[in-house]
Amino acid sequence: MVNRSLVPPEFKIEIDDSKCIICGTCVRECPFEVFKIIGERIEINERNCVGCMRCTYMCPTGALWVSRIEGYGKPHGTWTYRIRRDIWRMAETGSAILSGTGTDLEHPNILDRILIDACQVTRPPIDPLREPIELKTFIGRRPPLEIITESRINTELELETITEAFLELEIPVMFAAMSYGALSLETHKTLARAAKILGTYMNCGEGGVHEEIKKYKDNIIVQVASGRFGVSKEYLENAAAVEIKIGQGAKPGIGGHLPGEKVNEEISKTRMIPVGTDALSPAPHHDIYSIEDLTMLVTAIKEATDYRKPVFVKIAAVHDVAAIASGIARSGADAIVIDSFKGGTAASPKIVKDNVGIPVELAIPAVDDRLREEGIREEVSLIASGGIRTSADVMKIIALGADAAYIGTAALIAMGCHMCQACHTGKCPWGIATQDPELRKRLDIDAAVERVVNLLNAWKIEMKEILGALGMDSIEGLRSNRERLRGFGLDEVTLNVLGIKPAGR
Amino acid sequence: MGEEKVVLNAILLDSRQLNDAIRKYSMRGVREIVVKNCRGQRYIGTSAKNKIRIIIHGYAGNDLGAFMERCEVIVYGNAGSGVGNTMNSGRIVVHGCVGDVLGYGMRGGEIFVKGDTGYRPGIGMKGYMSKEPVIVVGGSVGDFLCEYAAGGIFILLNTSDSKHPFGRFVGTGMHGGKIFVRGEIQREHLTSAVLLDEPTDREYEQIERYVKEYMMLFEHKGEIGVDGEIVAIRPKSHRPYGELYTDSGREAV
Chain V
1296 MVNRSLVPPE FKIEIDDSKC IICGTCVREC PFEVFKIIGE RIEINERNCV
1346 GCMRCTYMCP TGALWVSRIE GYGKPHGTWT YRIRRDIWRM AETGSAILSG
1396 TGTDLEHPNI LDRILIDACQ VTRPPIDPLR EPIELKTFIG RRPPLEIITE
1446 SRINTELELE TITEAFLELE IPVMFAAMSY GALSLETHKT LARAAKILGT
1496 YMNCGEGGVH EEIKKYKDNI IVQVASGRFG VSKEYLENAA AVEIKIGQGA
1546 KPGIGGHLPG EKVNEEISKT RMIPVGTDAL SPAPHHDIYS IEDLTMLVTA
1596 IKEATDYRKP VFVKIAAVHD VAAIASGIAR SGADAIVIDS FKGGTAASPK
1646 IVKDNVGIPV ELAIPAVDDR LREEGIREEV SLIASGGIRT SADVMKIIAL
1696 GADAAYIGTA ALIAMGCHMC QACHTGKCPW GIATQDPELR KRLDIDAAVE
1746 RVVNLLNAWK IEMKEILGAL GMDSIEGLRS NRERLRGFGL DEVTLNVLGI
1796 KPAGR
Chain H
47 MGEEKVVLNA ILLDSRQLND AIRKYSMRGV REIVVKNCRG QRYIGTSAKN
97 KIRIIIHGYA GNDLGAFMER CEVIVYGNAG SGVGNTMNSG RIVVHGCVGD
147 VLGYGMRGGE IFVKGDTGYR PGIGMKGYMS KEPVIVVGGS VGDFLCEYAA
197 GGIFILLNTS DSKHPFGRFV GTGMHGGKIF VRGEIQREHL TSAVLLDEPT
247 DREYEQIERY VKEYMMLFEH KGEIGVDGEI VAIRPKSHRP YGELYTDSGR
297 EAV
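Quick note, the sequences are listed as chains V and H, same order.
When we follow our numbering, the leftmost residue of the first sequence carries the number 1296, and every step to the right adds one.
When we follow our numbering, the leftmost residue of the second sequence carries the number 47, and every step to the right adds one.
What the hints contain is simulated information worked out from the structure, not anything from laboratory work.
The beta carbon of each residue, even a glycine, is placed where N, CA and C say it ideally should be.
Treat the hints with caution; some may be incorrect.
To be verified - Anything over 12 Å on all C-beta distances counts as not near chain V; from chain H, calculated:
| no. | residue |
| --- | --- |
| 1 | GLU50 |
| 2 | ALA94 |
| 3 | GLU118 |
| 4 | LYS172 |
| 5 | TYR250 |
| 6 | ASP273 |
| 7 | ARG285 |
To be verified - Computed footprint of chain H on chain V; a stretch qualifies when at least three of its residues, placed anywhere within it, have a C-beta under 8 Å from a C-beta of chain H:
| no. | region |
| --- | --- |
| 8 | 1396-1407 |
| 9 | 1563-1573 |
| 10 | 1594-1602 |
Please build the complete structure, drawing on both the sequences and the hints.
Laid out in structure tokens, this is it:
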């Protein structure tokens, strides 16, 4: 029997006794039961601390501080603190380690190694304060099919334009699939309302759409995953677009799993499964084993929705992503979503997040090149997802070949997420990734909507500034415009994959 | 009101043309559509807008009745793979055999198959509230029966009394619903997620009802003995993955 845990605490909690008034706020605020009032003092169980900073934020006298324990014992380059902790944890439980959000490992970030061009002298920049700069983006097949037919009435030729279903975005950023179940209803509502205000879309994820956000249907993209939770004709019809989830960057090739503890009365309604049952999305769609099979699901969804909704196909960025995307482009899908291995999740095995998949900044140019070579780039839109943190990331990924980007974590951070990675526990101290009725109250929807809208409005200003500097009056002109990017400190092979020159050339 | 019944000759129609026609007629209030010379057109029933009956003569292609609501589809012939894919309600009756992935993610309604089915039947079936999808198969089925099933009833009648009514890997990850099999079964093919049991009296009544329905639909000659001949295969847990993962670094709270 494993008796006493070897896993050390990750955080150090200090209480300034001269400021602490023993009000018990920290005790109430911490869902992980770190604090306890014993007589005239507060007892701390640091082992339970996830580093969410909720107690520090709420402490009325500023008496509390949580800091990460940077070292525990002798430092070691190979057997790092992180590795040692994980080994102890698994040795004590015999279970794989699960955690929330994207990988926290410091993988190199290629987007940070890419720099954007600007106009000087020979081509003047555009002043965004004076001239309109367009961020409007269309998602879907383009250009529309144009068929020239001879008129039946006279001898003149007629031009018939066939437009397929598409989405119109006021900003090339949408909210990525995050399910109700992983997130609280308040968080889902926040995203839906923000999407409507911003003129963009929120993806409801695979957990279905709650009654209370159905009114935002024109700004909702619904997802069809392998578990087919909540999927019905009504669900498909009450949406702006439908996304088939094949994979997710944080867990490529791994199915989804909402633990039975989280499946309460409300969740059970939207997922359409009994209370307390594990909501399992198997790794594959059992009806999809080939591009031909994918074509069938795409077409079945189009048949069910009278060809009025664009259909997206979301895949994780993996090694042969270009070949897969080429197949998807031929399946009849209107957009391909490519999700980085840095993408977030409410729960994924840590080992998978850290080690499986490739960065989206390498996948997007590879896919863009491949589709162009094959002459089918205009038949689909490309949406980059996973680890998109700033407006500069959005612009760089568009210049590398994407049409738009999905953000998930960035929007949650805007609402108050502190990246404690405890989403999978269902006890989100900030009321975002939880179903606990008390914790849910912590997210003030009106304030959260304002924060998310503010963030994207700020991004709009930044994007217009940069576009102006580039001498461009429209984001469309930036798409796949890799001449306007330069690599900074990147090796030749990476530059080659990115299709950009090094800075100085 | 438009016509009550429409006959479509599908010989020269592709899937989309056929489904466009079904969509159009169903919106006009037609009650019954007869599809003659069906030759593998897909997604039949998916585009229907109202409660109608579609009678198909020939071979119905893949994804028959995918996402279907309320309609009744009767096939005089065989059907392809993906019959009843994510179907929500209604009924599909196939007077023949069907391909793989029968009733994938099906949430409601009934499917009757006279003959055999291919691999992966009943995968991810789900029951919820008043909805309990039912699949009745007269013959035998392939591997992966009811994998990841979360609800519903799968009745395997094995009318030909085969010694191998189902294939390998029965009920991987199954965490809801039930399978009833008539006659002998191969225990070695049951996965660790399921256990063998006897149907309850109430379940026997239910099974008998569906057997009668099957015999009536397919004008089955002779008896399909049920008493004492049915085994029930049930999931062991609603939480098959409860023990697989731990959270990192903290004591359980």
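So, going through the hints one by one against the coordinates:
no.	hint	result
1	GLU50	holds (24 Å)
2	ALA94	violated (10 Å)
3	GLU118	holds (16 Å)
4	LYS172	violated (6 Å)
5	TYR250	holds (23 Å)
6	ASP273	holds (31 Å)
7	ARG285	violated (5 Å)
8	1396-1407	violated (count 0)
9	1563-1573	holds (count 7)
10	1594-1602	holds (count 6)
Checked against the numbered hints given earlier, this structure breaks hints 2, 4, 7 and 8; the rest are met.
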